[in-house]
Amino acid sequence: MEYKVNWYQFTEHPNSDSCWSLSVGPDGRIYAAACCEGTPGGTVKVVRYNEETDSLDYLFDLAEMVDDPPESGRATQCKIHYSFVPSIEDGILYMATHLSGPPIDQPAYSPWRSWHDDRRCFRGSALLALDTKTDDVLWWDTLIPKEGCRCLLHDEERGLLYALGYPRDHFYIYDIKSRQRRDIGRIGSVNAQVLFMDSRHRIWTSSDYGRLIRYDPERDRLETSPYILPHNPEFQTGWHSVLYDAAATPDGSCVYAVTWIAQPRLMRIWPEDGEWGRVEDLGPATQEQDPTLPHDTFLDHCGGLTFAADGKLYYVASRWRDPVYNPLSEEHQDREGVVWRMDPETLEREEVTLLERPDAPAQYVSRGAVDHNGNLFFGHVGPRPVGLFRVEMPEYGQKKDAHLPIRIWG
Amino acid sequence: MSKSKKANTWDEIVHGTFVTEGTMVAFPLCFPGASVPIVADESRITALDITPGGMVYGGTSGRRTHLFVGMFHGVTGAVFDMGTVEGADRCSAICCGDGQFVACVNGPDGGRFIRRGFQGLPFDLLQEWGFRRSPFDDLGVAAKGERIIHAVTDPSRERVIASTEGHLVSLNIGSGKVEVIAEVAGFGRLALGPNGNILGLDAPNTLWRYNAVDGELERKAIPTS
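Heads up: the protein sequence lines correspond to chains A and B, in order. Going by this note's numbering, the first residue of the first sequence is number 1, and it counts up by one from there. Going by this note's numbering, the first residue of the second sequence is number 1, and it counts up by one from there.
Since the hints were derived computationally from the structure, they do not count as laboratory data. Watch out, some of these pointers could steer you wrong.
Said to hold, decoys possible - Reference listing, derived: stretches of chain A covered by chain B, where coverage requires no fewer than 3 residues with Cβ under 8 Å from a Cβ of chain B:
#1 186–195
#2 238–244
#3 289–298
Stated by the list, open to error - Computed, partial: chain A to chain B, Cβ under 10 Å:
#4 W112
#5 G210
#6 I261
No experiment lies behind these values; they were computed from the predicted model shown. The beta carbon of each residue, even a glycine, is placed where N, CA and C say it ideally should be.
Kindly produce the complete structure, drawing on both the sequences and the hints.
So this is what it looks like as structure tokens:
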């Protein structure tokens, strides 16, 4: 069984250094954010995979669409960070921007330093509605003034967008019809990287200390779980074990998730099992390591969780050469992105392929998605220009409308 | 005693025990939540110094010597264990120069100077960080077969002045060159005085004074009683 890997570089956005968002749109096609956070004045371009030409279409520069030019002197509209969300009924793809890209004449940007500086401060996360049937931008608004949007979720039935802001780590609700925003409260400082929703329309994320945080619309409260999410007990405490990525099973009964910390932990969350749900620890996603060395999440990473048409969970975990803990043989690169397949029935994991870009390692994958044909796509973060991977599924994994039920969070 | 005076006295006894000026840092020898502390029998801190930028460098004694850096002035804090020094079980001093530090470590064969560049402050210690262990430069012995008793960085931050069991020596941090200043039996700690002077215990009941600017050593320069 072969999973053929294809690499698509953002050559028309040469300064792009990260693809934080990659999602399937309501039309079943794959959308990606060619982000540019390392270059002063850099902006994000929205890209779509074109299956007819087997190449990328560059739809627009988001800064132009929201009238926030790169030479403004402010922090720029540099990226979309886990914030593509679809609207099936009307074919809209919502997207919200995040901050970090420095002003055009500065080498770096600190949102804390420039919070009160009108000339420098990020204008705010721009929320944009793209009609995927016509490619028209229908409207835009400022989702969160001064702050970036770390992650976004769409409750289509109720017409609400949920967001986490950065740097204040507040939890926001945005009513699409009235275009009104509510700030529900502060979660912490680290900033979780994903939101997910259960069938009772409760929104879940996590705190700095590795506890689940839940917004219950019935109570209109942010609540904290009485337990801590799975982590490595040798060198971790739960601190920074915030959720990084989450993928719901096709039947919606549970969510597979992974944390954003060294040796990211895989888990399965049954949010409707008991008062505070039930969490199964599925163990570390990456290799054993020296516990005296704080590993960084660029090297030690897991992301791209997505269910494919074969009913299996796919994700990408990093692997790296370590003389003590993982002395890889010569045919391996120093750092690799490994595509894993997990069987939800047996929880067995199998390495199915490696992501290889010709000019650099590809150990860091942000998000994954399945298009309407059933092929896998993964967003990559690495040397510029970055890009995305398409992994062709074997025939048994391909089917019409393979992207449904669609993921409603970024 | 009035209520407010009692409160002030209470505060002075409890908190003033530790801090009369500056800031006290109470912190585990690790990056809490991200790494394990230096193990118990290798973690007795016997040397500390601070850079002008506020980074704290230290060395331990025990079964092995670890060199570490404490980062407390950025976004949150961490202690990073930079590694152990082969063949050393005691760190008698750590001296911060300009961009580099020198650790004075002792082992069965005597005292050696160990050098490394400063550890960079990661992007932040709240969300994203990166640490790498760089190798140490072993600059060799201070005085053959002698332990290093203590050392300080001179005011120019270009040299380390060290006292061994039998000698006062100077180390050029940049070149790694060691020069013997004089035969002086070392005991006790050295101190930086005014005008570029470095002071050390001399016998009997006196201090020697070494001027790091003109290189002059004055024995029994200051009485201690």
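Hints, verified against the model:
1. 186–195: With 3 residues close enough to chain B, the hint holds.
2. 238–244: holds (count 3)
3. 289–298: It holds, with 8 qualifying residues against the three required.
4. W112: holds, 9 Å
5. G210: The hint holds - G210/A has a Cβ within 10 Å of chain B, the shortest such distance being about 9 Å.
6. I261: This interface hint holds because 7 Å falls under the 10 Å limit.
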